[in-house]
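> One-letter residues, chain by chain:
Number of protein chains: 2
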Amino acid sequence: MKIILSKEIGFCFGVKNSVSIATKVLKENKKSVYMLGPIIHNPQVMENFKKEGVRIVDRVEEIPEKSTVITRAHGVSYSILHQALEKNLSIVDTTCPYVKKVQKIAEYLNKNNYFVVIFGDKMHPEIVSLLDIINNNALVVDKVTEIKKIKYQKKIGFISQTTKNIYNFEKLSSKLLDKTEELRIFNTICKATVERQKSVIKLARQVDIIVVIGGRKSANTSRLVEICRQQGVKTYHIETKDQMKYKWFHPEDNVGITSGASTPDWVINEVINKLKEWYN
Amino acid sequence: MKIILSKEIGFCFGVKNSVSIATKVLKENKKSVYMLGPIIHNPQVMENFKKEGVRIVDRVEEIPEKSTVITRAHGVSYSILHQALEKNLSIVDTTCPYVKKVQKIAEYLNKNNYFVVIFGDKMHPEIVSLLDIINNNALVVDKVTEIKKIKYQKKIGFISQTTKNIYNFEKLSSKLLDKTEELRIFNTICKATVERQKSVIKLARQVDIIVVIGGRKSANTSRLVEICRQQGVKTYHIETKDQMKYKWFHPEDNVGITSGASTPDWVINEVINKLKEWYN
Chain V
1285 MKIILSKEIG FCFGVKNSVS IATKVLKENK KSVYMLGPII HNPQVMENFK KEGVRIVDRV
1345 EEIPEKSTVI TRAHGVSYSI LHQALEKNLS IVDTTCPYVK KVQKIAEYLN KNNYFVVIFG
1405 DKMHPEIVSL LDIINNNALV VDKVTEIKKI KYQKKIGFIS QTTKNIYNFE KLSSKLLDKT
1465 EELRIFNTIC KATVERQKSV IKLARQVDII VVIGGRKSAN TSRLVEICRQ QGVKTYHIET
1525 KDQMKYKWFH PEDNVGITSG ASTPDWVINE VINKLKEWYN
Chain E
1285 MKIILSKEIG FCFGVKNSVS IATKVLKENK KSVYMLGPII HNPQVMENFK KEGVRIVDRV
1345 EEIPEKSTVI TRAHGVSYSI LHQALEKNLS IVDTTCPYVK KVQKIAEYLN KNNYFVVIFG
1405 DKMHPEIVSL LDIINNNALV VDKVTEIKKI KYQKKIGFIS QTTKNIYNFE KLSSKLLDKT
1465 EELRIFNTIC KATVERQKSV IKLARQVDII VVIGGRKSAN TSRLVEICRQ QGVKTYHIET
1525 KDQMKYKWFH PEDNVGITSG ASTPDWVINE VINKLKEWYN
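Sequences listed follow chains V and E, in order. Residue numbers are given in our numbering: position 210 of the first sequence equals residue 1494, and the series is strictly consecutive. Residue numbers are given in our numbering: position 235 of the second sequence equals residue 1519, and the series is strictly consecutive.
None of these hints come from the bench; they were simulated from the model. Bear in mind the structure is a predicted one, so any value in this text is a computation, not a measurement. One or more of the hints may lead you astray.
One copy or any two copies: either way a pair holds, since identical chains are not told apart in the list.
Heads up, simulated BS3-like pairs for lysine-lysine below, C-alpha to C-alpha not over 27 Å straight-line [unchecked claim]:
| hint | residue 1 | residue 2 |
| --- | --- | --- |
| 1 | Lys1455 | Lys1286 |
| 2 | Lys1315 | Lys1406 |
| 3 | Lys1463 | Lys1486 |
| 4 | Lys1438 | Lys1529 |
| 5 | Lys1486 | Lys1335 |
| 6 | Lys1439 | Lys1463 |
Build out the structure end to end from the sequences listed, making use of the hints.
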C-alpha cells in the first residue's frame, strides 16, 4: 500500500488562529470559560477543550455574569455580542478574518442597494451570523433551481460562504447574470479552501481510494468528500482512526489522505499509523 | 413546405433609430451628406442610401468642410468627433442608446480602477470606438483561452459588445471569477439581441432548416447563425433572396426564417415570397 497525503492538510489559518486564542485564554483563566457553540467543527479538539475545563453552551442565557465567553471561528452576530455585553461577559472573538471580510462585504452591498445573494448552507453558523448582521436582507442559495426563481433585479451582489465549492460558485454565478443588469461578485471563498479543493482533485487522479478526515458537521470537510466523489474515486469520510474499516482497503491500493481545515495533525497521524500497521 | 418566422425578426430599436435619423437628415439636406462607414451592417439598406445621394467614406479627411456627417449606430470615438468638429462638420450621431450605455459603463469602470475586460470582436466598429473612448485601457476577449492568460487582478469589470452571445458571456464570466477578488459584470448585451437569440433556439426545435437573413459583416447576424448551428439545425446565411438555392430545400421541409437586427422587412419578404413561389 502506498499512502499519499494531499498537499493541503491539517489546520487552516483561521482554525489555527481560533484554537490558539482559545488555548491562551484557557492558560490565563481556567475558571468560568465558556464557548458559544463549538469554536471549530472538530469534535476531538472540542473534547480536549472540555477536558481543560471549558463549558460549551448554546445561548448567552446559560452563561453566568462576568464569565469569559469565546465566540466561534464561524462568526458571531451583533445581537449575540450585544447580549453578552449587557451581561458584563468578557468577550473573546475568534472569528476567522476571512469570515469577517465576508461580513463587511455583505454590509457594503446591503447599504448600496444590491439584492444580496449568498451561496451557502442556510443552517451553517457562518451563514446564520452573517444573516443576522445584515438583518436577514439576503437570499441564501445552494442550487441552480433556487437561482431560477429569483425575480429580475437592478443590481445583484453575490458572495459565498468561505468554505463552499469554487466550481459550484462559478456555475451559480453564470446563472445569476440572466437575472440582472449588474452582477457584482466577491469571491469570498477562502483561498486556503480553494487550494485544498484543487489539491484533492490532483490527489484523486493518483489514487484508488481517498480517506477524508474531519468533523461530520464541518462544511469544508463535507465539500472535500463531495469533490472526491465527483472525481469518481471511492471516498470515505471519517472523524477518527476508529471509524476506519480494514475491509475498505486492498494491500495493492494507493490510498490518498486529506483532511478538513479543522482536523488536528494528531488525528491525521493516528489514521496514517493505523493504515501502516495494517498493511506494512 | 411550412414556413415559420422567428418571433423576433427585422430591425431592432437601435437600427430603426439610426435609419430614421439618417432618412430625416437626407430629406432636409440632400447635398453633401456623408456617412463615416456604413451606419448599420446591411448592404441593401446602405445601397439605398447611396442611391439617395449619401457618400460613405472611411475617414474624416475625405469629407469636405461644412458638410453633414452621420456617424454609425455602432458608436463613434471621441477622437473622430473631435476631428469632425475641428473641420466644422455638422455631426449627426446615430449611436444606438444601448451602445452609449456600454461606453458610459466602461468609462466608469476605468475611472474606478477596475481591470476592464470586454467580450467582443476586436475589429468590430462598436469595440474599436469603445476602446478609443477608454484610451485602450481594456482587454478584449472572445475565448476562454484568452481569459486563462489573464493575471490575477484586485478588481475586474466585465462587459460585452451589445450583440454577443449571452450563453458565451455567461461561460466566460464564470471563468473570470478565478482571476480576481471582485468581479463586477454589467450585462450589456442588448435585451433585443438576447430575445432574438432565445427565439431562434425555440425556432430551431420546430424546423428542419433555418435561413438567417442579414449582412455578412453584421455581428448579431453571425451570432444567430452560430447559435442555430449549435442547435444542430442545417443553417444557411444569406443577404438577399438571390443567394438562396432551390436545392437546399425539400417540399416536405419545415423552414425557419430569422434575420439580423439590421435586415429590413422588404429583404425578408422577398425571401419568403421566393420560397412560396418555389414550393407552393
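> Treating 27 Å as the Cα threshold, decide for Lys1439 and Lys1463: within, between, both or neither.
both (9 Å within a copy, 22 Å between copies)
> Classify it for me, Lys1315 with Lys1406: is the Cα-Cα distance of at most 27 Å met within a copy, between copies, both or neither?
neither (34 Å within a copy, 69 Å between copies)
> Given identical chains, is Lys1438 near Lys1529, meaning Cα to Cα at most 27 Å, within a copy, between copies, both, or neither?
neither (54 Å within a copy, 46 Å between copies)
> My question is about Lys1463 and Lys1486: at a cut-off of 27 Å on alpha-carbon distance, are they close within one copy, between copies, both, or neither?
Between copies only: 20 Å across chains, 35 Å inside a chain, cut-off 27 Å.
> With identical chains treated as interchangeable, where does the CA-CA distance between Lys1486 and Lys1335 reach 27 Å or less: within a copy, between copies, both, or neither?
neither (38 Å within a copy, 65 Å between copies)
> Using 27 Å as the alpha carbon limit, work out where Lys1455 and Lys1286 are close: within a copy, between copies, both or neither.
So Lys1455 and Lys1286 fail the 27 Å test inside a copy (35 Å) and across (39 Å) alike.
The structure fails hints 1, 2, 4, 5 (numbered hints given earlier, in ascending order).
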